[in-house]
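The listed protein sequences correspond, in order, to chains A and B.
Heads up: the first sequence at position 60 corresponds to 60 in the numbering used here, and the numbers run straight through without jumps.
Heads up: take any position in the second sequence, counting from 1, add 455, and you land on the numbering used here.
In case anyone wonders, no lab produced these hints; they're calculated from the structure.
Computed from a predicted structure; not experimentally measured.
Even for Gly, the Cβ is constructed at its ideal location relative to N, Cα and C.
There's no promise every hint is true.
Residues from chain B that face chain A, not an exhaustive set, calculated with beta carbons under 8 Å [to be verified]: (1) Arg524; (2) Lys525; (3) Asn591; (4) Phe672; (5) Gln675.
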Amino acid sequence: MALGRSRERWCVLLLGMAFCGGMAGAAEEPVEEATAGLKPRLDWGLEAKASFRHSEDNRFVVPFPFDPIMLPVGQTRGFEQTVNPGSHFELSTVSLFVDAVWGDGLAAHGKIDFIDLYDRNPTSTDKKVDVDEAWIRFGIEPDPAALPARGGVYLKAGKFPKFERQDDRHLESYGLVSTAFNRFEDAGAELGVNLGRHVYLKLSATAGNPVFLRDPNALAGDNGTPAQRQPNPDPELHSGVVILYDAEIEDLDVDGELESGAALGYRFADEEGRNGLDVMAWGYQRKLAETVELEGTFYGGDLDLLNGPVPASAFAVTNDDKKEFGGNVWLYLGGFSFFGQYVDQKLGGLPRTGIEGELAWRFELPLVWAVGDRQLFTYISPAVRYSKLDNKFSNPVTTPSPSFSWDWEKIDAGLRLGLFSGIDLTVEYADNRFILGSGAKRENNELLTTLRWKM
Amino acid sequence: MRILALALALLALPPLHAEELRGRVQLLAKGGKGAARGSDVRQAVVYFEPASPGPLRLPETSFQMVTERKELVPRVLVVPRGSRVRFPNQDPILHNVFSVSAPNQFDLGLYRQGPGKEKRFEESGLVRVYCNVHHNMVAYILVLSTPYSVSPNAAGEFVLTGLPRGPGKLTVWHEQADSWTMTLELPRKGPEPVVAGVEIVRPLIPSHLNKTGQSYFRSQRDRYNN
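Take the sequences, apply the hints, and build the full model.
Printed below as a string of structure tokens:
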């Protein structure tokens with residue numbers, strides 16, 4: 001989104017900031033204990049992000065015989081192409097949060113995205129306001145690598161993040177694995193059992209995120225948007241260089257065949273929460289649907305996508321099973337943290353694996369300047385992430401998306417600086433490499449700078 | 456009647472035969488093997504508690520523990536039981552000094568630059584002082600029922616003067632160690648100084664939670680970032 005087009009949203013943000021200005025100092029306010037009884041303790045939150053993005057301009061010929069009327073005037077071949085190359089200022093996120101807590105036993109959480117440009121799912125023509133999370137939980141769910149006070153059980157229902165997703169992120173970008181497998185929330189129920197303080201078990205039954213395609217850089221890319229149904233379409237946003245990924249569910253409807261998930265983990269941590277280790281093995285299984293209708297695209301998800309627009313562009317799908325197995329590691333040592341994930345997936349018989357690891361450090365900065373009773377430049381946090389996606393299947397003879405089967409490698413490196421209470425700046429660079437079917441190595445890199453304000 | 460008044464006045468005076476106690480504090484590495492590195496022996500407090508304690512003399516003004524450049528200064532403050540301590544904030548940012556050390560626990564709440572707030576410490580004991588906003592801000596208030604205390608010099612040497620004759624307990628306290636104690640009778644026999652070997656067992660920033668019993672570190676995790 002260019003700056004000029006987002007003026008209206010800037011106004012909304014500024015109004016929101018003005019409205020909530022009196023609460024801006026609340027970030028360091030002491031937390032009061034949850035009140036007992038029926039009246040919950042309510043915590044409201046708001047997060048907004050403004051970004052500067054510079055994306056390289058790359059395109060790759062696709063071996064699909066597009067009818068000339070499906071291509072821009074004068075273009076004879078189709079391309080996978082950087083979504084929106086060049087330099088852009090964007091208002092990327094405006095989200096509202098609410099947490100309600102009734103003592104230790106009952107909690108609810110809601111998150112509404114009024115703008116979520118980089119998680120527009122799956123295209124820019126998707127719905128503009130999205131209920132990103134909405135769940136209620138009975139019992140206590142410990143954070144990863146944090147010891148609960150005692151064993152116990154929790155039950156969570158609604159729309160919530162998958163249990164293997166990285167919950168503590170240090171960069172605004174995502175790795176290849178976290179994009180492909182568990183970036184988006186799912187709807188259903190999750191049961192957690194803490195067998196004492198260290199061993200835990202999780203079981204889930206959810207709708208299952210539909211399989212679709214997106215670019216692993218900031219913008220997902222426009223594929224199957226209404227504009228592309230026009231003769232000789234030349235949309236502002238391009239397809240992106242895409243991978244297969246688990247897209248966001250469309251609604252809270254969990255009719256039909258559910259995805260079942262399970263995890264077994266072991267956690268160890270000190271009582272202070274400074275140091276901790278958590279290892280978890282997990283798996284999911286569901287049946288792929290013949291098609292899944294997604295708002296914002298006329299392409300279908302799941303098998304419809306893999307079967308392609310014509311028989312010659314169908315991937316060698318052998319069944320309708322979608323299975324994922326993986327392992328997670330969380331490690332915290334004071335200001336140092338590591339998150340690692342391995343995934344092995346069979347998508348209708350198409351095998352692929354992914355591995356991702358992120359190292360981050362957080363250094364508190366000395367007090368030099370202050371404004372309004374709060375410190376300027378509070379901390380600095382460098383982070384580096386490596387991710388790799390190894391697609392072990394071949395492309396059909398003609399496919400509009402040959403990048404599905406390429407092998408991908410991505411290194412994200414960045415620095416987050418705490419500017420002020422609730423405001424930080426993240427500068428990061430994504431070195432995004434892949435090996436084409438011809439064996440040639442190519443890149444599609446991106447610089448992303450994000451100013452975030454949260455309260 | 457005059458004789459009775461004189462007797463009472465004499466009781467309130469320091470003992471006629473004030474004693475002196477010399478010694479040395481040695482900070483030892485964990486396991487007691489060799490000298491500890493990185494720990495300051497001057498932060499130790501040596502105090503003598505007579506078996507028959509005399510009256511405490513409280514200062515008219517309050518003691519001070521200042522928040523300065525995200526530190527609590529002094530890091531170790533020794534006060535007589537019943538003293539008042541003021542916590543001025545010299546930083547241009549908010550602090551929230553608190554302690555959960557029973558029975559002297561307190562919570563000053565958030566306060567900005569200025570004279571700060573005051574707390575009276577009615578019971579003797581160690582008060583671990585933290586800031587609810589800044590994990591690394593750590594200090595200690597040692598509330599004593601005795602006026603006889605001193606901190607060693609850089610070589611670890613100390614001299615306690617004006618001590619009353621008779622039995623008592625000598626204690627060496629250091630923030631990174633378990634307290635060292637010794638019962639003794641004054642005056643001591645022989646000229647040898649007391650040597651206290653104190654083993655360093657804790658880091659400079661001790662493990663602690665915020666005032667509501669929550670982890671400082673978990674709250675730093677970025678839960679609204681997905």
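Structure-based check of all given hints:
A least Cβ separation of about 5 Å between arginine 524/B and chain A falls short of the 8 Å threshold, and the interface hint therefore holds. Given hint, lysine 525/B at the interface with chain A, holds; its Cβ is 5 Å from that chain's nearest Cβ, closer than 8 Å. The criterion of a C-beta within 8 Å of any C-beta in chain A is met by asparagine 591/B, whose closest approach is roughly 7 Å, and the hint holds. With 8 Å as the threshold, the beta carbon of phenylalanine 672/B comes within range of chain A, its nearest partner Cβ sitting at about 5 Å, so the hint holds.
Interface restraint check for glutamine 675/B: the shortest CB-CB distance to chain A comes to about 7 Å, inside 8 Å, so the restraint holds.
Hint compliance for this structure: every hint is met.
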